[in-house]
Amino acid sequence: MSIEVRALSKAFDGHPVLRDVTLNVPEGELVALLGPSGCGKTTLLRIIAGLEVPDAGEVCHAGEEVSARTARERNVGVVFQHYALFRHMTVADNVAFALRVRRRPQAEMAARVGELLGLVQLQDFGLRFPHQLSGGQRQRVALARALANSPRILLLDEPFGALDARVRQELRRWLRRLHDELHVTSVFVTHDQEEAFEVSDRVVLMNAGRIEQVGTPAQVFEEPASPFVMRFLGAVNVFHGRVEGGRARVHDLEFAVPGAADRSRANVYVRPHEIEIHRSAAPGSLSAKVERLVPLGAAIRVELSLRGLGGGAVEAEIDLHKGEALKLVPGEVVHLSLRRVRVFPAREGEQDSLTASGL
Amino acid sequence: MTGPLESALPAGHRGARAPAAASARSPVTAPSRSRLRRAIEDPPVVRWALAALAVLFLAAFVLVPAAVVVVEALRGGLALWWKALADPDALAAIRLTLLVAAISVPLNALFGLAAAWSITRFRYRGKDALVSLIDLPFGVSPVISGMVIVLLFGAHGWFGSWLAERGLRVVFAVPGIAIATLFVTFPFVARELIPFMQAQGTEEEEAALVMGASGWQILRRVTLPNVKWSLFYGVILCNARAMGEFGAVSVVSGHIRGATNTIPLHVEILYSEYAFQAAFAVASLLFVLALVTLVAKKGLELRQASARRETIRQSTRSDL
Numbered sequence: 000m001s002i003e004v005r006a007l008s009k010a011f012d013g014h015p016v017l018r019d020v021t022l023n024v025p026e027g028e029l030v031a032l033l034g035p036s037g038c039g040k041t042t043l044l045r046i047i048a049g050l051e052v053p054d055a056g057e058v059c060h061a062g063e064e065v066s067a068r069t070a071r072e073r074n075v076g077v078v079f080q081h082y083a084l085f086r087h088m089t090v091a092d093n094v095a096f097a098l099r100v101r102r103r104p105q106a107e108m109a110a111r112v113g114e115l116l117g118l119v120q121l122q123d124f125g126l127r128f129p130h131q132l133s134g135g136q137r138q139r140v141a142l143a144r145a146l147a148n149s150p151r152i153l154l155l156d157e158p159f160g161a162l163d164a165r166v167r168q169e170l171r172r173w174l175r176r177l178h179d180e181l182h183v184t185s186v187f188v189t190h191d192q193e194e195a196f197e198v199s200d201r202v203v204l205m206n207a208g209r210i211e212q213v214g215t216p217a218q219v220f221e222e223p224a225s226p227f228v229m230r231f232l233g234a235v236n237v238f239h240g241r242v243e244g245g246r247a248r249v250h251d252l253e254f255a256v257p258g259a260a261d262r263s264r265a266n267v268y269v270r271p272h273e274i275e276i277h278r279s280a281a282p283g284s285l286s287a288k289v290e291r292l293v294p295l296g297a298a299i300r301v302e303l304s305l306r307g308l309g310g311g312a313v314e315a316e317i318d319l320h321k322g323e324a325l326k327l328v329p330g331e332v333v334h335l336s337l338r339r340v341r342v343f344p345a346r347e348g349e350q351d352s353l354t355a356s357g358l
Numbered sequence: 000m001t002g003p004l005e006s007a008l009p010a011g012h013r014g015a016r017a018p019a020a021a022s023a024r025s026p027v028t029a030p031s032r033s034r035l036r037r038a039i040e041d042p043p044v045v046r047w048a049l050a051a052l053a054v055l056f057l058a059a060f061v062l063v064p065a066a067v068v069v070v071e072a073l074r075g076g077l078a079l080w081w082k083a084l085a086d087p088d089a090l091a092a093i094r095l096t097l098l099v100a101a102i103s104v105p106l107n108a109l110f111g112l113a114a115a116w117s118i119t120r121f122r123y124r125g126k127d128a129l130v131s132l133i134d135l136p137f138g139v140s141p142v143i144s145g146m147v148i149v150l151l152f153g154a155h156g157w158f159g160s161w162l163a164e165r166g167l168r169v170v171f172a173v174p175g176i177a178i179a180t181l182f183v184t185f186p187f188v189a190r191e192l193i194p195f196m197q198a199q200g201t202e203e204e205e206a207a208l209v210m211g212a213s214g215w216q217i218l219r220r221v222t223l224p225n226v227k228w229s230l231f232y233g234v235i236l237c238n239a240r241a242m243g244e245f246g247a248v249s250v251v252s253g254h255i256r257g258a259t260n261t262i263p264l265h266v267e268i269l270y271s272e273y274a275f276q277a278a279f280a281v282a283s284l285l286f287v288l289a290l291v292t293l294v295a296k297k298g299l300e301l302r303q304a305s306a307r308r309e310t311i312r313q314s315t316r317s318d319l
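Chains as they are written, first to last, in numbering that gives the first Met the number 0: chain A, 0 to 358; chain B, 0 to 319.
These are calculated hints, taken from the structure and not from any lab test. These figures come from a predicted structure and were not determined experimentally. Here a beta-carbon is modelled for each residue, glycine too, at the ideal position from N, C-alpha and C. Among these hints, one or two may not hold up.
Said to hold, decoys possible - On the chain A side, residues computed to face chain B include the following (Cβ under 10 Å): (1) 49; (2) 77; (3) 79.
Kindly produce the complete structure, drawing on both the sequences and the hints.
Following this line, the structure appears as structure tokens:
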């Protein structure tokens, strides 16, 4: 079942949480709502589920407006961040809950519970109580329970947030496989970029109650639509420039800024792995001093300070073997060429948070 | 399942005891450990003084009075004690006390549950004011509460003539006593449930809702089973107060022997008539009620603590 959200707005006690949000999730897709905490992603999920009422806008399930329907009538499966298992019920009773409240026959319930526990690989755990399970097992029970009434929409709120790193990784892969089997339209909320990229078909990036960009993981990473997306997805270096004749000037380098007014400011963003380090100067390169070398396993992070430009800090990430070939030593001067840059006109008020974040 | 568990437990105990035994045998570790303890604890004098103070205080204000009640009640022997209780007026007082508790405790359990549900499950304006209002009976002298009821429902009160026309008696009758008790005891259940339900959060109820449960099903299958021990705890405290309330009930009762006397009022009347032995005999009933309440309260606390321990034990076991 597809989900359409149109012009949704919501405020809590006068603080806007969602501002004019529009989103389409086609049938069978697994979409991640990704953003920092407080960006409105959980509220959006809860409105889709019917657990919150929007101030304006509409929500459609399969093209049908559902605003008038309560959460009870929407038949969506929801997996909550802290599992929300019924602690006084066994695992089997938890999973059977949706069928029990619909007064389904006992035999049907038993069969469905067995099937679902098999699906989440907890066949032998039906008689346990939630407190007798590990975090990962509880989350799987929560998922089985959410699927019990065969919902055509599955919503997951930070499903792996409360688990430790190793279990989280396992569950991610497992969730992806499960989705490939069931093809139920799914939306899951996360603040973890890696998680969103690994599990989802498409990523919806949210910031301050707005959707910044929607796209496949490769799209949003390679072609970020805004400075926020650029900053949020991984480390980034920022150079501040001034626009003259449609080009931003940073030191003696020039970058095209389509559509920017003369004398306005523009920011040039470069990812650390898109910086190359050379021993000799080349056209368009910046000279910098090596400050520190941080081994990261397969790569080396090189922390540098620019010569000129007020000695701004720059981070580069290079392959281990390339780093070994260069034999870098802290204190020496090298030349940086920027393999790929993205230029955005600077918006008022944004520049401060960028510089403050130290990226 | 029990097999590995049983074999695992003694092993755990052995493991826990072994280091203690070792340190007792070696004279080197013992003094260094006590020196360590001294560095982070108060000197023994302070500890003893504080403990003695607490014990003295308890003895002076709880143990001695309690002993006096028991001793005085039984001074004339069990037969006299029984005679005081079997007196028709005493029996009437006991019956009335039970009746008033039977009216006010269930109503306040209902009110407490509704108030706690509304306060912890919904967002609305004026909630803080509502929470403060629930505490009102704690802050108002019970005598004032009783007087308000007289002013409202008495012969010259606001609703007095309306009630009189219909031949209804509230003040100096059972309804007045029940209303006074209701007012004085209504915070107990709500006060017990609100923090508990706040700590539990609303996720389980929301989960039940999206799975298609109706409000009634959520209450019966999710909320009530979750809060039952807290609710029971609140009911016990509420009951103790309902049976022991004196001030408010004293104002509205009229002290009509055999008709509007509750146990505490009856004790007071007997005492003012110099029937000390009988007064203490009836008072010993309230003392027993206090003991029962205390034991039930302690039992519930132990039960909750062991449930928590069980959770911790089992969760660590499932991780292994």
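Status of each hint after checking the structure:
1. For the restraint placing residue 49/A at the interface with chain B, the shortest Cβ-Cβ distance is roughly 7 Å, inside the 10 Å limit, so the hint holds.
2. Checking residue 77/A against chain B by beta carbon gives a least distance of about 5 Å; that is within 10 Å, so the hint holds.
3. Look at residue 79/A: its Cβ gets to within about 5 Å of chain B, closer than 10 Å, so that hint holds up.
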